[in-house]
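If you read the sequences in order, they're chains Y and P. Mapping the first sequence onto numbering that gives the first Met the number 0, position 32 (from 1) lands on 31, and the numbers just tick up by one. Mapping the second sequence onto numbering that gives the first Met the number 0, position 380 (from 1) lands on 379, and the numbers just tick up by one.
Treat the hints with care, as some may be off.
[Claimed, not checked] Here are the computed lysine to any residue pairs in the SDA-like style, where the Cα-Cα straight-line distance is at most 25 Å: (1) P:K436 x P:D587; (2) P:K624 x P:D587; (3) P:K317 x P:D346; (4) P:K496 x Y:R42; (5) P:K245 x Y:G15; (6) P:K496 x P:Y611; (7) P:K496 x Y:S66; (8) P:K251 x Y:S66; (9) P:K538 x P:A30; (10) P:K593 x Y:E49; (11) P:K251 x Y:E77; (12) P:K496 x Y:R11; (13) P:K496 x Y:E49; (14) Y:K65 x P:Q497; (15) P:K496 x Y:P82; (16) P:K251 x Y:G15; (17) P:K239 x Y:E12; (18) P:K251 x Y:E49; (19) P:K538 x P:E568.
Since the hints were derived computationally from the structure, they do not count as laboratory data. It should be emphasised that the depicted structure is a prediction, and the values quoted were computed from it without experimental measurement.
Each chain, written out:
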Amino acid sequence: MSVTIRVGPAYREYSGGRKTVSVEGSTVRECLDALVALFPIFRDLLFDGEGAQTSIIIHKGEVMVKSRFDEPVEDASEIDLLPMVSGG
Amino acid sequence: MAEVRSGQAPADGGAGQPVEPQPPMGGYNGAILRVNLTEMRLDEEPLTYRVARRYLGGAGLIAYFLYKELPPGIDPLGPENKLIFALGPVTGLTLPGASRYCAGAKSPLTGGIAKSESGGFWMADLKRAGYDAIIVEGRAEAPVYLWINDGKAVLKDAGHLWGKDTKETQETLRSELGDRRIKIAAIGPAGEHMVRYACIMTGLVDACGRGGLGAVMGSKLLKAIAVRGHRLPEIADPEKVKALTKVFLASKHPLSQYGTGGPEMMLHEQDGDLPVRNQRDGLFPNVKLINGVTIKETVRVKMDGCFACNVRCKKVVKFEEPYPCDEEYGGPEYETLGALGSNCAIDDLKAICKGNERCNALGLDTISTGSAIAFMMECFERGLITKEETGGVEFAWGDGKLMLNSLEWIARRQGIGDFLAEGAARMAKKIGRGSEKFAIAVKGLDAAMHDARAMPSFRIGYMLHPIGADHCGSIGPGTTPMGLAALQPFGILEAVKQDYGPKRMSLFKLQQCFSTIADSMVLCIMPMIDAGQRAELLKAVTGWNTGWVEMIQIAERIITTMRLFNLREGLTAADDELPERYYERKTDGILSTKDAPDKASMARARQMYYFYMGWDSLGVPRPEKISELEIEVPAT
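Hey, can you work out the whole structure from these sequences and the hints?
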């Protein structure tokens, strides 16, 4: 499936300035792996050293947590990627 | 009531002596207003370059003056306490995040130092009115308010305001002073009744929330400080500040969409960070019902922001049924969604929004208020307190109506509210029978709505911050690649693992310094302004040849001064400890499957921190460190 990852403004310096990155994958996990293959630094942005998620990943309006990463994605769908900004 | 005004010291060296050229102090008025309520006297004194350069402003000035002037062992609710409102050199500039100030005093909740920052608009007018800080001393004989109008300060009768909530107070003052644009910081009934965690409201939406500063203000019979000002002090390099501002305004901030407590709340529930049932449980499936996404879809009317800030992270909510919720009080931040929501097992969004409104009207810190109610709910569940003892009130988990009623009882210390008003730590001491283990506080300050078992930065920060379990005191870059560039001068070249080893504790010390500088400049941590840009901004505003090497030293000085204050008040290394619950597993969710770090590893972490701060193994600053930091130790 062709999926567009929309990169939040704070992350664009790590995607070469790109607002969107096109990837191929059939699940959320595969899409994120494809992003990391293109820009390895995203491995350290998505998860910290303990494997805890440090970014917000939104697919079809739902917040994706690790337990949902194997959910399928549709062709021409989008995944939003934002840094975790905790409140406050 | 008589208006009082005192003059100021001569501007020259006295007796016609020539004035020596002063170092630059861009961004400062160079003036402190000292308010003695016992003598009903106002005095203006200089903020010197020496103090400004060494302590900056905000939290720094609070640490400096409290340590210098407060006799040890005084009653925080007595006339000897001092309540300080302090701005920083960037306060009031027209750029994102410069809309903050810091208030502080000896805390009626912890007995140590309290300081708390607030956003809003009031501080911009105070800077324009001609002052860098206000120091309030003594106690009035009858309620008063302070009115500062472009450099002219007077004390006026506030008998007609006493008992009013914050909105009524503001509306009355604006009407009688004849200017709708006057900005007001005030206490509500909670401060008047000296609830130990009463806050000072800045406007109707922002608060100096933590540590009971509202109770201190109420103990002095000071109801409000109204300000109006029109002239900013000069800054050193306006063109550079303008260029930096353009950069800060360039990107849309992620918080603009949902505010705090947005989609990340679902992540927090999954990773165990979200407090549930007095931070005992892990899972709260209905977190979807109370987060910022649902707020946007149901009750939100707009997003709003502080003075000159483009982040606009503040939700504004409004509804009429089942009860009216006034949009002028804004909407719940993440901490409130947790404290009045999941931590009390309440999934009724409208009850939480109404609770936020009432806390802002009554002048209550939502974090400590929610923690007190959650603690009571757990005691009730365990049979440690009965209906007979609560006056017939059943403190059941998930009861939104009970939560709302409790706010009114607490604010006026009515019935069981009088007990709740003491805070969870004091309630636990009274109840005993093991309840101390689940009063989730450090040094008596209730932990924020981030579980210390989920996030190492909060675990360390809660344990080691001078004011107690503060969630803002140790935020900074370093555990992900974002922002690492600012840390490279300090030898941190790659992201640091989230453990409690030497690298992490060394990073924590830096993060605590970064937060302390933010609280002293005073510049909000929400805008996307990195550490390098903060240093550039400070340099451009003040005209000082400064940078992070000096700024880290300033932060060390401020933190060490706070430490000395606390030691003098009898707090020791034993108080740098987490509540027992944070050493246990949660009852469900991911944090029920793994052990929390044990006491031995936290003790090692604590020792490393002390070492990196230049303190001995008991957390006492070494004489050579005090000397290096040029901290003036008072004679008493």
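Here is how each hint holds up against the structure:
Of the pairs offered as hints, the one joining K436 of chain P and D587 of chain P holds, with about 19 Å between alpha carbons and a cut-off of 25 Å not exceeded. Under the criterion of a C-alpha separation no larger than 25 Å, the hint pairing K624 of chain P with D587 of chain P is inconsistent with the structure, at around 45 Å. Restraint check for K317 of chain P and D346 of chain P: satisfied, since their Cα atoms lie roughly 18 Å apart, inside the 25 Å limit. Taking the CA atoms of K496 of chain P and R42 of chain Y, the gap is near 14 Å; set against the 25 Å cutoff, the hint holds.
Only pairs whose Cα atoms come within 25 Å are accepted, and K245 of chain P paired with G15 of chain Y is accepted, the gap being roughly 22 Å. The straight-line distance between the Cα atoms of K496 of chain P and Y611 of chain P is roughly 18 Å, inside the 25 Å bound, and the hint therefore holds. Between K496 of chain P and S66 of chain Y, the direct Cα distance comes to roughly 23 Å. Compliance with the 25 Å bound is thereby established for this hinted pair. Proximity of K251 of chain P to S66 of chain Y is assessed by CA-CA distance (about 30 Å); at most 25 Å being required, the pair is judged violated.
Restraint check: the Cα-Cα separation between K538 of chain P and A30 of chain P comes to about 21 Å, which is no more than 25 Å; the hinted pair holds. Under the criterion of a C-alpha separation no larger than 25 Å, the hint pairing K593 of chain P with E49 of chain Y is consistent with the structure, at around 13 Å. At roughly 20 Å between alpha-carbon atoms, K251 of chain P and E77 of chain Y fall within 25 Å of each other, so this suggested pair holds. The suggested pairing of K496 of chain P with R11 of chain Y holds, with an alpha-carbon distance near 24 Å, which does not exceed 25 Å.
For the proposed pair K496 of chain P and E49 of chain Y, the alpha carbon gap of about 7 Å is at most 25 Å, so the pair holds. Simply put, K65 of chain Y and Q497 of chain P have alpha-carbon atoms about 19 Å apart, close enough for the 25 Å limit, and the pair holds. Note on K496 of chain P and P82 of chain Y: the hinted pairing holds, with a Cα-Cα distance of about 18 Å set against a maximum of 25 Å. Distance restraint check for K251 of chain P and G15 of chain Y: the Cα-Cα separation of roughly 18 Å lies within the 25 Å cut-off, and the hinted pair is therefore satisfied.
As the CA atoms of K239 of chain P and E12 of chain Y are separated by approximately 23 Å, the hinted pair is consistent with the 25 Å bound. A C-alpha spacing of about 30 Å is found between K251 of chain P and E49 of chain Y, which places the hinted pair above 25 Å, so the restraint is violated. Taken as a hint, the K538 of chain P and E568 of chain P pair is broken in the structure, with Cα atoms around 36 Å apart against an allowance of 25 Å.
Violation of the numbered hints given earlier is confined to hints 2, 8, 18, 19; the remaining hints are satisfied by the structure.
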